[in-house]
Amino acid sequence: KQEVTQIPAALSVPEGENLVLNCSFTDSAIYNLQWFRQDPGKGLTSLLLIQSSQREQTSGRLNASLDKSSGRSTLYIAASQPGDSATYLCAVDDYKLSFGAGTTVTVRA
Amino acid sequence: GAVVSQHPSWVICKSGTSVKIECRSLDFQATTMFWYRQFPKQSLMLMATSNEGSKATYEQGVEKDKFLINHASLTLSTLTVTSAHPEDSSFYICSALSRQDSGNTIYFGEGSWLTVV
Chain A
1 KQEVTQIPAA LSVPEGENLV LNCSFTDSAI YNLQWFRQDP GKGLTSLLLI
51 QSSQREQTSG RLNASLDKSS GRSTLYIAAS QPGDSATYLC AVDDYKLSFG
101 AGTTVTVRA
Chain X
1001 GAVVSQHPSW VICKSGTSVK IECRSLDFQA TTMFWYRQFP KQSLMLMATS
1051 NEGSKATYEQ GVEKDKFLIN HASLTLSTLT VTSAHPEDSS FYICSALSRQ
1101 DSGNTIYFGE GSWLTVV
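Taken in sequence, the protein lines are chains A and X.
Residues 1 to 109 (my numbering) make up the first sequence, in order.
Residues 1001 to 1117 (my numbering) make up the second sequence, in order.
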């Protein structure tokens, strides 16, 4: 059974600092890995999707890397802003999505 | 872009009653939809996979007689929580699978808050 772990569970940084969010998974036989953002009481917004054959994806200030062999992915958010405050979830797709518990980020103005 | 709509966003019901949550894919056909529940500060837990025209596949530990799933059309799946109890209070989220030549994409609904009193 796929297990997805996200560290840290919570993170508080001052505005402008770079964010590093970690995701690890136990079974490397995946189709892709996806990072989502979830605002309190809301659904999920897809941020980045990395196919199993890719090593990274970038979108604006966001960059996600994938190392399938070690079962790890990292989401980098450059120059954080208060609007980046949310919970970030990673999900591994091995025919169904398995989610981590998320990292709750607070960016202080 | 593709949108998945959930209704209602919020619902309060009395213990012992049933409540239905709808999940619609608005501009694509979804032969497969997924239902998740999320408790506060916890991750999404897959409850069941809903396939159009066939019975849903439930995850281990999820009572299929309590959480009735119907996927009667290519754009609509419904989750009915029967004989709801306070412990069923949770955030329920659906997602829909869009199959395209370029690959598959999953889109999530905005979620439905259920409070059972």
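Hints were generated in silico from the structure; no laboratory data involved.
Being a predicted model, the structure only gives us computed values, none of them experimental.
Backbone N, C-alpha and C define an ideal beta-carbon position, used for all residues, glycine too.
Among the hints, a few may not be true.
[What the hints assert, rightly or not] Part of the chain X face toward chain A, derived, beta carbon under 7 Å: (1) TRP1010; (2) VAL1011; (3) SER1043; (4) LEU1097; (5) GLU1110.
[Unchecked claim] Here are the simulated EDC-like cross-link-like pairs (lysine to aspartate or glutamate), alpha carbons at most 16 Å apart as the crow flies: (6) A:LYS96 to X:GLU1110; (7) X:LYS1041 to A:ASP93; (8) A:LYS42 to X:GLU1110; (9) A:LYS1 to X:ASP1088; (10) X:LYS1066 to X:GLU1087; (11) A:LYS68 to A:ASP93.
[Unchecked claim] Chain A regions said to be covered by chain X (calculated; three or more residues, Cβ under 8 Å): (12) 37 to 44; (13) 59 to 65.
Practice task
Kindly indicate which numbered hints from before are broken by the structure, ordering the numbers from low to high.
Solution key: As far as the earlier hints go, 1, 2, 4, 6, 7, 9 and 13 are violated by this structure, in ascending order.
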